[in-house]
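Student: Single-letter residue listing:
Number of protein chains: 2
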Amino acid sequence: MSREYKYELMEEIKNRWSPRAFDPEKPLAEEDIYPLIEAANLAPSAFNSQPRRFIVAADPDSRQKVFDALNEGNQSWTKLVPAFVVFLVKAEDDQGRRSNWAEFDTGTSFGLFTLEAVRRGMHTHAMAGFDGEKIKQNFQLAQGLEPITIVAVGYYGDKRDLPERYQAIERPNARLPLEEMVI
Amino acid sequence: MSREYKYELMEEIKNRWSPRAFDPEKPLAEEDIYPLIEAANLAPSAFNSQPRRFIVAADPDSRQKVFDALNEGNQSWTKLVPAFVVFLVKAEDDQGRRSNWAEFDTGTSFGLFTLEAVRRGMHTHAMAGFDGEKIKQNFQLAQGLEPITIVAVGYYGDKRDLPERYQAIERPNARLPLEEMVI
Chain D
68 MSREYKYELM
78 EEIKNRWSPR
88 AFDPEKPLAE
98 EDIYPLIEAA
108 NLAPSAFNSQ
118 PRRFIVAADP
128 DSRQKVFDAL
138 NEGNQSWTKL
148 VPAFVVFLVK
158 AEDDQGRRSN
168 WAEFDTGTSF
178 GLFTLEAVRR
188 GMHTHAMAGF
198 DGEKIKQNFQ
208 LAQGLEPITI
218 VAVGYYGDKR
228 DLPERYQAIE
238 RPNARLPLEE
248 MVI
Chain E
68 MSREYKYELM
78 EEIKNRWSPR
88 AFDPEKPLAE
98 EDIYPLIEAA
108 NLAPSAFNSQ
118 PRRFIVAADP
128 DSRQKVFDAL
138 NEGNQSWTKL
148 VPAFVVFLVK
158 AEDDQGRRSN
168 WAEFDTGTSF
178 GLFTLEAVRR
188 GMHTHAMAGF
198 DGEKIKQNFQ
208 LAQGLEPITI
218 VAVGYYGDKR
228 DLPERYQAIE
238 RPNARLPLEE
248 MVI
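Which chain is which? The protein sequence lines are D and E, in order. Counting along the first sequence from 1, when you hit position 100 you're at 167 in my numbering, and nothing is skipped either side. Counting along the second sequence from 1, when you hit position 86 you're at 153 in my numbering, and nothing is skipped either side.
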């Protein structure tokens, strides 16, 4: 690991990073992913609004529908990813009230999701590069559900299976010093 | 606990909730909070932009500056809270590029923060009801830093110390069924 820690921290936090080399020999079923969704669902949210929803894409058909929405760069390394989870923001409640914390709260749920994945020996890699409209079309999403990230989920594989340019950066990336984070 | 779980999950995820009764006899020093900031700082973010900053308010003066920005409802139950952490979103990088994931990423960092707190025997309660402009003034924040949540941090106390209306709701709140969360 290329990171250093000043404090003693939870193993799952120290071991979490966002690799690209996933093991195609270890597929995931929906049942493997549901516990991660339950973990995400236990995250706090403003006024307990729970403004997040999930698409679990583990079967070949759903997986393809997600893959098709990824941009070219992400498609080039996700071919061997066994499953995707799309995080959706549901910013308005059923009375049409919009939460200003919907993205923040959905992010919090991803924090719990990824640590539960690590505890179970898996890894995650959240992607920003995708076509949200394509996700909406491919899954015929109801109005008001906005895809915010597509998360690759699986077990760690072999980085030699990655395109060369990704092999070179297959390591935990660095962080700003703690002192710069605190105002 | 008033929650039920379908799956076996990380203890910290199951034990995390957002209480209001904090123990004033167990104050926190800045050093007790820095490990939680380091945990937060290890969260992933889009393009590793790390678009979050933190105000640690553990000394009486900073604590008061945060307390003054809380709305009346939150002031009524936070009098005994030993410390606050203000989560700030830094949506633009130094080149002026805005991230669409800044709130989401800051939320993810709160997910790691709160689980590390629980592992250390603490609790957190994130609040939405506060005056962000007052935080900016009281701490003379640089342009581009937006307070998104104020988090109460401390050890669990005695719910009889809370105003009555909060005693009645001092328990983990429920979640929507898992099936409703997955599209």
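In case anyone wonders, no lab produced these hints; they're calculated from the structure. A couple of the hints might just be wrong.
Chain copies aren't distinguished; within one or between two, either way the pair holds.
[Stated by the list, open to error] Straight line, CA to CA, 35 angstroms or less: simulated DSBU-like cross-link-like pairs of lysine-lysine:
| id | residue 1 | residue 2 |
| --- | --- | --- |
| 1 | Lys73 | Lys203 |
| 2 | Lys73 | Lys132 |
| 3 | Lys201 | Lys73 |
| 4 | Lys132 | Lys146 |
| 5 | Lys93 | Lys81 |
| 6 | Lys132 | Lys226 |
All values reported here derive from a predicted model rather than from experimental measurement.
Student: Next, verify each hint and record whether it holds.
Tutor: Now for the hints, and whether the structure bears them out:
Taking the shortest alpha-carbon separations for lysine 73 and lysine 203, only the inter-copy value of 29 angstroms comes in at or below 35 angstroms, while the best intra-copy value is 43 angstroms. Taking identical chains as interchangeable, the C-alpha atoms of lysine 73 and lysine 132 lie at most 35 angstroms apart only when they sit on different chains, with a minimum of 28 angstroms there against 42 angstroms within one chain. Taking identical chains as interchangeable, the C-alpha atoms of lysine 201 and lysine 73 lie at most 35 angstroms apart only when they sit on different chains, with a minimum of 32 angstroms there against 43 angstroms within one chain. In the homo-oligomer, the alpha carbons of lysine 132 and lysine 146 lie at most 35 angstroms apart inside one protomer (13 angstroms), although the nearest pairing across protomers, at 51 angstroms, exceeds that limit.
When the C-alpha separation of lysine 93 and lysine 81 is checked against a cutoff of 35 angstroms, the pair qualifies both within a copy, at 23 angstroms, and between copies, at 27 angstroms. Taking the shortest Cα distances, lysine 132 and lysine 226 sit within 35 angstroms of each other inside one copy (25 angstroms), while across copies they are farther apart (49 angstroms).
The structure is consistent with each of the numbered hints, conforming to all of them.
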